[in-house]
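Assemble the complex: chain A is given as a structure, and chain B must be docked to it using the hints.
For reference, the chains in residue letters:
Number of protein chains: 2
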Amino acid sequence: MVVLDGKKVSNDIKDEIAVAVEKMTGNGDAIPHLAAVIVGEDGASLTYVGSKVRACQRVGFDSTLIQLPSDISEQALLQTIDELNHNDAIDGFIVQLPLPKHIDTQKILLAVDPKKDVDGFHPENFGKLALDMETFIPATPFGIMELIRRYDIETSGKHVVVIGRSHIVGRPISILMSRKGYPGDSTVTLTHSRTQNLSDITKTADIIISALGIPEFLTPDMVKDGVVVIDVGITRVPSEDHPKGYVIRGDVAYEALLGKASYMTPVPGGVGPMTIAMLLQNTLLARQRRNAV
Amino acid sequence: MVVLDGKKVSNDIKDEIAVAVEKMTGNGDAIPHLAAVIVGEDGASLTYVGSKVRACQRVGFDSTLIQLPSDISEQALLQTIDELNHNDAIDGFIVQLPLPKHIDTQKILLAVDPKKDVDGFHPENFGKLALDMETFIPATPFGIMELIRRYDIETSGKHVVVIGRSHIVGRPISILMSRKGYPGDSTVTLTHSRTQNLSDITKTADIIISALGIPEFLTPDMVKDGVVVIDVGITRVPSEDHPKGYVIRGDVAYEALLGKASYMTPVPGGVGPMTIAMLLQNTLLARQRRNAV
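If you read the protein sequences in the order shown, they are chains A and B. Position 156 of the first sequence, counted from 1, bears residue number 218 in this note's numbering, the numbering being contiguous throughout. Position 265 of the second sequence, counted from 1, bears residue number 327 in this note's numbering, the numbering being contiguous throughout.
If we strip away everything but chain A, and leave its shape as in the complex, we get (with noise of 0.2 Å):
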């Protein structure tokens, strides 16, 4: 068994952003430069978008933070957005989620400026990745693809089978896997909450990717030996062996797929690390994408 290091391989990729950002200041270029916006003081939030900032200070990038008062109107919110838009310094933006109920979410995504939209949440970015367009893939999915590129896990003819269909994860990560190319090639099935007899789909499956949010649902009697298991899932389980109060679960049962799965990603230390990796990457390409012009 094979564990999939997103902690080591997201490191990877931000040593290799970092390289890149030298040698754009070596060749005088614009370096990139990657603005967050958050609404209100949500503690997860805060924690999330301060790694995001962190992150890019690590690589070189330059960072703004943007901190607006939870009561802010959707109109001035609206007109940030417009402002970073149009702000020629800035390669991409991200609009921390979620934001205040009184605010329409869809309605601030439709507003990025698709060329900024590093998080790849707008609908013209997220048509361009089902139509094999150039893009920005958003964070999550595009971090499992670089995962299975870096173990070079053939994926060609393979059956993947995807679990949960959120728009971050489980849609865009089914219509990856099918795209031509690698990874991908896959036959792909996409299940979720109304599917009949999942484990007879699981067990068929070559490359199980789980986006369920339930704690060790997978277990050994739903996979097949020498399957590739992705684990999106985190969840907090309450524990009172632990002083914070609970410990983080994946949807695998991961001690137990030990002796069936071949390679395996760990909850945590998988594909939650490489998300920002993902979103420093995109960022990157923001900025070569405008320098090649």
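The set of hints was computed from the structure by calculation and includes no laboratory data. We put the beta carbon where it would ideally sit given N, CA and C, even for glycine.
Computed footprint of chain B on chain A, listed as stretches where at least three residues anywhere in the stretch have a Cβ under 8 Å from a Cβ of chain B:
1. 180-188
2. 224-233
3. 246-256
Below, chain B alone, put in the same frame as chain A:
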């Protein structure tokens, strides 16, 4: 075995659209106006465009046919599209494909205002389809959905196997059938040229949607009893017995499957006639969305 009679259903839809147009006229609302752009003199393309214009006339739409010479420059075609985008009298328009080789098709499709893109080929509209937002669904998958709806075929939790991953059929219908709602909520497997052991997969299907282009490819040994078969294949097969010198064949061995399928589309007369009806439906939607503003 129930025949999914696309000819009849498409006529029903056209009748319904004609009634809607009469009502719009009665209310003093603007009525739908479709424009079609054709470049060059390709016989098949001229036939298709002619059918679309005649269908507009039948349901009471205004229509405009713009015929351009095959040596028109890309710039001049983009200019035509820009004019249609800004022409307030036009609700929707299509650019008949294929375009001559000196024109970048992708660039042309990207130039169409998504609000008037009644073919649903613009990536923004395609992304909205994948993200469950209001959009224009491309005519062929929209027609398949409508056939399933009108015959009240159960789809929730059913296993749908799609054969072929084209941008205009396989990819969008695989997304649509796995979205929430009806028709949808299916477990969807997307298969294609790289798929291994295809018949093992089709044998587990409750619904098969084939858009492969290989005549009579799907045979009884590949399906289970009671399967629903939607045949999107249209291939001309040489035949000395017919005055035209060919017959039209689908992907499905229709006669051989009569004893096994529960529902099946004939070719011709199944999915084919639905496409123009759904183009009209999209044009009606485009007008209604404008009237609603």
